[in-house]
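Below, each chain spelled out in residue letters.
There are 2 protein chains.
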Amino acid sequence: MTSNDIVLLLTALGVLLAVARLFGEIAQHFHLTAVFGEILAGIVLGPTLLGLMAPEIGKTLFSPSGTGALVFEGIITLSVVLFLLVAGLEADISITWRQGKAVATMGISGIFFPSIIGFSVAWFFPDLLGRGAHADPLLFSIFIATALSISALPVIARILMDLDLYRSDLGMMITAAAIFNDLIGWITFAVILGMMGQENRHLSLMWTILLTIGFTLLTLTLIRKLIHRILPWIQAHTGWPGGQLGFTLSMTLLGAAFTEWIGVHAIFGAFMIGVAMGDTPHFRERIRALIDQFVSNFFAPIFFASIGLKLNFAVHFDLQMTLLVMVIACLGKILGCSLGGQMGGMPPREAWAIGFGMNARGAMEIILGLLALRFGIISESLFVALVIMAIATSLMSGPMMQRILRLKKPRRFYDFLPDQSIVRLQAVDALGAIAELAEAVGTVDGLTSREIAEAVRKREQLVPTGIGNEVAAPHARLPGISQPVVVLGISRDGIDFQAPDGRPAQFIFLILTPSKDNGAQVEILADIARTFRRRDFRMAALAAKGMTEFLAVVKSYGNSK
Amino acid sequence: MTSNDIVLLLTALGVLLAVARLFGEIAQHFHLTAVFGEILAGIVLGPTLLGLMAPEIGKTLFSPSGTGALVFEGIITLSVVLFLLVAGLEADISITWRQGKAVATMGISGIFFPSIIGFSVAWFFPDLLGRGAHADPLLFSIFIATALSISALPVIARILMDLDLYRSDLGMMITAAAIFNDLIGWITFAVILGMMGQENRHLSLMWTILLTIGFTLLTLTLIRKLIHRILPWIQAHTGWPGGQLGFTLSMTLLGAAFTEWIGVHAIFGAFMIGVAMGDTPHFRERIRALIDQFVSNFFAPIFFASIGLKLNFAVHFDLQMTLLVMVIACLGKILGCSLGGQMGGMPPREAWAIGFGMNARGAMEIILGLLALRFGIISESLFVALVIMAIATSLMSGPMMQRILRLKKPRRFYDFLPDQSIVRLQAVDALGAIAELAEAVGTVDGLTSREIAEAVRKREQLVPTGIGNEVAAPHARLPGISQPVVVLGISRDGIDFQAPDGRPAQFIFLILTPSKDNGAQVEILADIARTFRRRDFRMAALAAKGMTEFLAVVKSYGNSK
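In the order they appear, the protein sequences are chains Z and X.
First residue of the first sequence? That's 1 in the numbering used here, and the numbers climb one at a time after it.
First residue of the second sequence? That's 1001 in the numbering used here, and the numbers climb one at a time after it.
Calculated from the structure, these hints are not laboratory results.
Possibly wrong hints are sitting among the right ones.
Said to hold, decoys possible - Pulled from the structure, derived: some chain X residues nowhere near chain Z, Cβ distances all over 10 Å: (1) 1020; (2) 1024; (3) 1100; (4) 1214; (5) 1323; (6) 1335; (7) 1345; (8) 1444; (9) 1455; (10) 1553.
As the list claims (entries may be wrong) - To give a feel for the contact side, a few chain X residues facing chain Z, derived at Cβ under 7 Å: (11) 1021; (12) 1233; (13) 1294.
To be verified - Derived pair list, reagent style DSS-like, types lysine-lysine, alpha-carbon separation capped at 25 Å: (14) Z:545 with X:1225; (15) Z:408 with Z:59; (16) X:1225 with Z:225; (17) Z:310 with Z:408; (18) X:1516 with X:1458; (19) Z:458 with Z:408.
Where a beta carbon is used, it is the ideal one built from N, C-alpha and C, also for glycine.
Produce the entire structure from the sequences given, and follow the hints as far as they go.
Dropping the structure here:
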């Protein structure tokens, strides 16, 4: 690498990471999963937008060929391998045995339906899908069938993590079905590569299939047991956490290398090693969190953003073909999986959620598509349609599951702290503090601050609202207001709110909730009590200058897992 | 990248990481710093040993050219950049201002002495150092002067971390002097590159120097203040820890890209961004630990091991030249730095420690050497001599500092748990438990278990040894024994040792210490009391099957920072 290559590589990674994280945060702000924003970041930085508006910059930074591109590809490979390790570590495969029937029927019908539909359309209407001029009809049809039926394990895992569903039974079931699905998909993938006559195949197809099944079984039995035995030894005799971390990461790299060598993608090996590692109770939660947080916030955004960099989505865009690919892909997968789930005994709502969950496609379609494009089996427009289908199904997946399962995020007290400053209280007693805080609230939905103060005062005289740990939360339910309102006052010297622990309150929250919202008051009060329990947190919160620093302290101390 | 490239890349990284971590652990076992083992791992896996014994394997895995080598180089670059971020985050530059005079005199004399000596020898005795046939004498002499005077910031930082000295005043002083030293070294580096006529220089030398100084000042003032302002906002308005982590890492990559672009190495920018980030109190300790642990145990071992892969150390070895290079390098640096330190007002012992600390050389010598080799300025033997000098000075650095500063590791109770099993106690009272444990100890230095039991029993009857938290530690000082002995017994039902909290003891440690070792008993007792304070730790320790699992629990719960 020349110095110039290094400059470009580091700049490309830095820009990609920054924009991906930024878009990921924005997506979450709009209640979409982070992976949506990350993929979008890639499209914005790729040939579609940046490449169009500033072709020189786009080409230099994210050039599709040359030294930089090669190194970049290597780092992307490492990223997706480590991301699949995280997915594997978090996976709990015991659900597969407990819910075996549902997983198997879902896995099989989730492949069967889209394959049949895809194969039929490709076989009978090749022109609609843009078959290459000299392509073999059978090969083309098998390609389409496979491209429409491989679910994207990395994308699905990320969506489930974003929705906080990954470790739930439902999440594990989807993951198990996706593993099953992928296992079949990857073997078919190997068959197609064999048919395309990829030059450097060193193993016969039979061997690939046998070794894949053998590796899977071995990882889940012997290797799992060996890890269970070796891990305590490593913890006992090596430095912490270096020994366990080094062992986990090097095993992952070697497992990934092995599956890539037998003709299946590297990410499969990384995932399986993760499953085997995460299964033993000796695997410490701290190491899991450490790997998860670094990989999810460094490697994963870079990988997901890189998908959008691959081509110009505008130039090769064919609306009719894209729609057709979308319809047959979604129809086959969603119907297949949800019918399979219901046949396996799942309630319809969950079965549909699984259908949309499994509908996400990703990198495998794109990799397969790239190879097919190179061998002249498909046109560029079909390739674009496949990529758009992969992205669209991935984007659809999270929000649809969220809607079907009616997921709600728990409300935190700071969601209602309006964009105003913390009130520095002058008052020396509870009633004075309430008056000052009500003054700061001002008029809410027609209620004057005097009326608010009166309602809160009445409630306070009934039972004092000192919570303890230097916190008090005077509150009232008001029929007139539409949204909860929370205001924070801080008293340097403390005000007596007759807390059980006798300590005067330094943090005083005024909480107003709508009469008809039963849960709000209890949720907010419990959240405040829980958040302020730790002493080091309260010290840091007291030292905060202004609302931004206060929120920073709340999120970086209070939210820690 | 073909599938074959991916297999080789992942295997190479996996093997390198595994062997580097293994050798690092072994080195620590022998009281050497981990970085010693990591560099050694590279030599073993490189052309020197593996390349000789199994040339095919060595060449395939760690090939010095081709696609794999390129990607590998990119990952090494990323690794060293992230490692320097960690070093920067941990650096506390305030020492530079407080001890400014000592830092400056050390930094200057640490460059001046080795440069003068190196330049003189190269100028007057070029044949002894293997000057290239057509090399310009002045250029050759400046090269030698620079190659002997650049300290290796990454190596020094790692050694100081390994010795637990990095955050101490002495450690920060060495770091500050090394930064100062490096700043001058890198600028000279740029001058030499300019003289060698490296093809793609896009900035004039003057600009490189101005921009380097400008970047340094800007990072330490404006950028540092901006980060201090922005960080709370990021913590308040983005997900935790993703927001801060993404911000830190992308800033680092961009900073590194910038310094590489202006003609100074990328690691300088990463280090400076780390310094600016780590300086604000808003930078949370959890994020620092997270980045530190992942980078130190994944990226850093890969980088340090990669140094040994670069060439065959046996073939091009010239003893006389190597010794000459060693002598002039060490003489100049150690004398220069320690005299400078003493002139700056440091006590002689610390000044000598700093001399040996700053004596460590590393990647910059090797990079510079590679370029000089390519341009025909130096011979291959000189290159090998330079690399060996870099490694030898790096290896010498840690142990010499350890010896000069008389560093001792704190003793932990488990260092004395012999390689035997945990005693499952049958006894129901304290005296019975003591007898059982003394039985397990057997005869020590001529003392029978009966005599031991008698001594411990006497001590127990004086004051009971129940510590609380289900732990008891019956103990005795014995004149006859040479080493502390610790035995652990576990009682399912608990035995009353009259602890202050009234709870019966489940963990009973028998502790025997030599009469003349005053500290041992107190250290071991305090360590046990501290370790067993946490309830979740005790639950896990009780569940441990055998000594290995017990040690695993102690190290992975009890040692956590």
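Quick rundown of the hints versus the structure:
1. Residue-level check failed: residue 1020 of chain X sits 8 Å from the nearest beta carbon of chain Z, not beyond 10 Å.
2. Once the 10 Å rule is applied to beta carbons, residue 1024 of chain X is inconsistent with being away from chain Z; the minimum gap is 7 Å.
3. With a least beta-carbon separation of about 30 Å from chain Z, residue 1100 of chain X lies farther than 10 Å from that chain, consistent with its non-interface assignment.
4. Distance to chain Z confirms residue 1214 of chain X as a non-interface residue, since its nearest Cβ pair spans about 18 Å, more than 10 Å.
5. Distance check on residue 1323 of chain X: its Cβ is at least 33 Å (rounded) from any Cβ of chain Z, clearing the 10 Å threshold; non-interface status holds.
6. With a least beta-carbon separation of about 34 Å from chain Z, residue 1335 of chain X lies farther than 10 Å from that chain, consistent with its non-interface assignment.
7. Residue placement check: residue 1345 of chain X keeps its beta carbon more than 10 Å from all beta carbons of chain Z (closest about 36 Å).
8. Taking the minimum C-beta to C-beta distance to chain Z, about 24 Å, the non-interface status of residue 1444 of chain X holds against the 10 Å cut.
9. The Cβ of residue 1455 of chain X sits about 30 Å from the closest Cβ of chain Z, beyond the 10 Å cut-off, so the non-interface label holds.
10. Distance to chain Z contradicts residue 1553 of chain X as a non-interface residue, since its nearest Cβ pair spans about 8 Å, not more than 10 Å.
11. The interface hint given for residue 1021 of chain X is met, as the beta carbon of that residue sits about 3 Å from the closest beta carbon of chain Z, less than 7 Å.
12. At about 5 Å, the closest approach between the beta carbon of residue 1233 of chain X and any beta carbon in chain Z falls short of 7 Å, and the interface hint on this residue holds.
13. For residue 1294 of chain X, the shortest C-beta to C-beta distance to chain Z is roughly 4 Å, which falls under 7 Å, so the interface hint holds.
14. For the given pair, residue 545 of chain Z sits about 16 Å from residue 1225 of chain X by alpha-carbon distance, which is consistent with the 25 Å threshold.
15. The straight-line distance between the Cα atoms of residue 408 of chain Z and residue 59 of chain Z is roughly 42 Å, outside the 25 Å bound, and the hint therefore fails.
16. Distance check on the hinted pair: residue 1225 of chain X and residue 225 of chain Z sit about 52 Å apart at the alpha-carbon level, beyond 25 Å; violated.
17. Proposed proximity of residue 310 of chain Z and residue 408 of chain Z is contradicted: the alpha carbons are some 35 Å apart, above 25 Å.
18. At most 25 Å may separate the alpha-carbon atoms for a hinted pair to count; residue 1516 of chain X and residue 1458 of chain X meet this at roughly 19 Å.
19. Of the supplied pair hints, the one linking residue 458 of chain Z and residue 408 of chain Z is violated, its CA atoms being roughly 33 Å apart against a limit of 25 Å.
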